[in-house]
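Colleague: Sequence:
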Amino acid sequence: MLNFSFFLGVAVFAFVMSVTPGPNNMMLLSSGAQFGFRRTLPHMLGIILGMASLLLAILLGLGSLFILYPPLYSVLKWVGGAYLLWLAWKIANAPTDKMAEQKPSLVSPSQHSGLQPRSADKQIMPMRWWQASLFQYVNPKAWMMSIGCVSSFSLAGDLYVQSGFWIIILFACMGFPAITIWVLAGEAIRRKLTSVKRQRLFNIVMGVLTASTLLLIIKG
1 MLNFSFFLGV
11 AVFAFVMSVT
21 PGPNNMMLLS
31 SGAQFGFRRT
41 LPHMLGIILG
51 MASLLLAILL
61 GLGSLFILYP
71 PLYSVLKWVG
81 GAYLLWLAWK
91 IANAPTDKMA
101 EQKPSLVSPS
111 QHSGLQPRSA
121 DKQIMPMRWW
131 QASLFQYVNP
141 KAWMMSIGCV
151 SSFSLAGDLY
161 VQSGFWIIIL
171 FACMGFPAIT
181 IWVLAGEAIR
191 RKLTSVKRQR
201 LFNIVMGVLT
211 ASTLLLIIKG
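Numbering-wise (the numbering used here), the sequence shown opens with residue 1 and increments by one.
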């Protein structure tokens, strides 16, 4: 039987690792400010599903590949880092129309007449659930979290399957409220973005912060 210390240990580990800064949380903060909580919800659910599937894959033995073939982790770092820089560039250059469209003073006459300006065609959309899920497989922090949790808390023998099951469940239960904090913070910031200048500055700052999470990859 699993004891209380197992559940407490996994729960604390999952919450702390999920709530600390990283690529997922920087993108969620930006999405919360750009689109609000409701439209960011699929992104959040995608992260939870992606982490669950990654944990399952590691429990089934995928994580052992990094032990057998260490260069694979270096490849993951390069691929994940390159993709992260691309996402950071997209965030920094995100159009301000999406946030501005709720403010009548910032709506152009062409929008009132039913015509959309050219920039509206370039507006980014919230990350979809499947995109967020797949991102976990090129997110080095997600790999570090998953491998660290499985190696630290999974139990050998007859309890391996049971402990693995609860690791996945607890990670989802603790991870969701942890990442929700970042989305709500972004939504609170959204109320302060009352001008295109502020919106633009916020996008640039979030792009830089997202790119700065590469330090986690370099040190990992």
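There could be a bad hint or two in this list.
Distance windows between CB atoms, simulated [unchecked claim]:
1. 159 / 64: 30 to 38 Å
2. 83 / 45: 15 to 23 Å
3. 161 / 82: 14 to 22 Å
4. 16 / 205: 33 to 41 Å
5. 194 / 169: 38 to 46 Å
6. 200 / 1: 53 to 61 Å
7. 162 / 196: 23 to 31 Å
8. 74 / 188: 35 to 43 Å
9. 148 / 49: 18 to 26 Å
10. 57 / 131: 15 to 23 Å
11. 65 / 197: 43 to 51 Å
12. 75 / 215: 16 to 24 Å
13. 21 / 192: 19 to 27 Å
Here are the computed lysine-lysine pairs in the BS3-like style, where the Cα-Cα straight-line distance is at most 30 Å [said to hold, decoys possible]:
14. 77 / 197
15. 197 / 90
16. 77 / 90
What the hints contain is simulated information worked out from the structure, not anything from laboratory work. Backbone N, C-alpha and C define an ideal beta-carbon position, used for all residues, glycine too.
Colleague: Take the hints in turn and mark each one as holding or not.
Modeller: Evaluation of the provided hints:
{"no.": "1", "hint": "159 / 64: 30 to 38 Å", "in the structure": "violated (19 Å)"}
{"no.": "2", "hint": "83 / 45: 15 to 23 Å", "in the structure": "holds (20 Å)"}
{"no.": "3", "hint": "161 / 82: 14 to 22 Å", "in the structure": "violated (36 Å)"}
{"no.": "4", "hint": "16 / 205: 33 to 41 Å", "in the structure": "violated (25 Å)"}
{"no.": "5", "hint": "194 / 169: 38 to 46 Å", "in the structure": "holds (42 Å)"}
{"no.": "6", "hint": "200 / 1: 53 to 61 Å", "in the structure": "holds (56 Å)"}
{"no.": "7", "hint": "162 / 196: 23 to 31 Å", "in the structure": "violated (54 Å)"}
{"no.": "8", "hint": "74 / 188: 35 to 43 Å", "in the structure": "holds (39 Å)"}
{"no.": "9", "hint": "148 / 49: 18 to 26 Å", "in the structure": "holds (20 Å)"}
{"no.": "10", "hint": "57 / 131: 15 to 23 Å", "in the structure": "holds (18 Å)"}
{"no.": "11", "hint": "65 / 197: 43 to 51 Å", "in the structure": "holds (48 Å)"}
{"no.": "12", "hint": "75 / 215: 16 to 24 Å", "in the structure": "holds (19 Å)"}
{"no.": "13", "hint": "21 / 192: 19 to 27 Å", "in the structure": "holds (20 Å)"}
{"no.": "14", "hint": "77 / 197", "in the structure": "violated (34 Å)"}
{"no.": "15", "hint": "197 / 90", "in the structure": "holds (17 Å)"}
{"no.": "16", "hint": "77 / 90", "in the structure": "holds (20 Å)"}
Consistency with the previously given hints fails for numbers 1, 3, 4, 7, 14, ordered from lowest to highest.
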